[in-house]
Amino acid sequence: MPRWEHGSEDRLKQAAMELFDEQGFANTTAVEIANRARVTTRTFFRYFSDKQALVFADAESLRAALVERILQATTVAEPLQTVMGALAGFDWESLGSRDVQRQRGAMIDANPDLLERELIKQQQMADEFRRALEQRGVAAHVAELAADVGIQLFRIAYRRWLAADHGEAGLHRFVDEVTSTLAGLVAGNPSAAAT
Numbered sequence: 001m002p003r004w005e006h007g008s009e010d011r012l013k014q015a016a017m018e019l020f021d022e023q024g025f026a027n028t029t030a031v032e033i034a035n036r037a038r039v040t041t042r043t044f045f046r047y048f049s050d051k052q053a054l055v056f057a058d059a060e061s062l063r064a065a066l067v068e069r070i071l072q073a074t075t076v077a078e079p080l081q082t083v084m085g086a087l088a089g090f091d092w093e094s095l096g097s098r099d100v101q102r103q104r105g106a107m108i109d110a111n112p113d114l115l116e117r118e119l120i121k122q123q124q125m126a127d128e129f130r131r132a133l134e135q136r137g138v139a140a141h142v143a144e145l146a147a148d149v150g151i152q153l154f155r156i157a158y159r160r161w162l163a164a165d166h167g168e169a170g171l172h173r174f175v176d177e178v179t180s181t182l183a184g185l186v187a188g189n190p191s192a193a194a195t
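Under full-length UniProt numbering, the residue at position 181 of the sequence shown is numbered 181, and the numbers go up by one with no gaps.
Simulated from the structure, these hints should not be mistaken for laboratory data.
From the three backbone atoms N, C-alpha and C, an ideal C-beta is built for every residue, glycine too.
A portion of the hints provided could be inaccurate.
As the list claims (entries may be wrong) - In silico EDC-like cross-links for lysine to aspartate or glutamate, where the CA-CA straight-line distance does not exceed 16 Å: (1) K121 - E134; (2) K51 - D148; (3) K121 - D58; (4) K121 - D148.
Stated by the list, open to error - Label pairs and their computed distance ranges (CB to CB): (5) Q23 - R136: 43 to 49 Å; (6) H6 - G184: 50 to 56 Å; (7) P112 - R63: 20 to 26 Å; (8) A139 - H172: 41 to 47 Å; (9) Q72 - G105: 27 to 33 Å; (10) Q52 - D99: 29 to 35 Å.
Please construct the entire structure, taking both the sequences and the accompanying hints into account.
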């Protein structure tokens, strides 16, 4: 087996998702993932500290890309819209097909340790968004509210998008719907909040 075979990281990710799907996250070991990916266990640990880290392998690059979208936004006059635009405008399918993301989401929801890590990652992202908005001149308390609310709104929209059929509207529609729902709740309009 070559020492640094090209594409090892991608093969490890694919092998892990296949094994997690077949036998569950808890029942899958790093050794099994390495074997399925046709690499050594040492190679696995060169890329990932553990199998949990593999599940969140794209988190840092995703966060950096989204923060950059906020920093480069044309305007931050409406900070919540800036956050939602950064999230909705990202090419989420670059992280894997909707089916792969759906499978990953279900696995995280079913595993308390992964869910805890996911929630920590979301808060870290909100903190980065807040800092980016502040760098753009948004008041600290407004930036914090826009970042935290934006992350939660997007989380709901993203889950709805994953649950939808492939033929249904894109992620933007779900983002618009949850944003409108929030506006209805804030305005005290229960019929708008029911969408």
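How the hints compare with the structure:
no.: 1; hint: K121 - E134; result: 20 Å, violated
no.: 2; hint: K51 - D148; result: 28 Å, violated
no.: 3; hint: K121 - D58; result: 11 Å, holds
no.: 4; hint: K121 - D148; result: 12 Å, holds
no.: 5; hint: Q23 - R136: 43 to 49 Å; result: 46 Å, holds
no.: 6; hint: H6 - G184: 50 to 56 Å; result: 52 Å, holds
no.: 7; hint: P112 - R63: 20 to 26 Å; result: 23 Å, holds
no.: 8; hint: A139 - H172: 41 to 47 Å; result: 28 Å, violated
no.: 9; hint: Q72 - G105: 27 to 33 Å; result: 28 Å, holds
no.: 10; hint: Q52 - D99: 29 to 35 Å; result: 22 Å, violated
The structure shown violates the earlier hints numbered 1, 2, 8 and 10.
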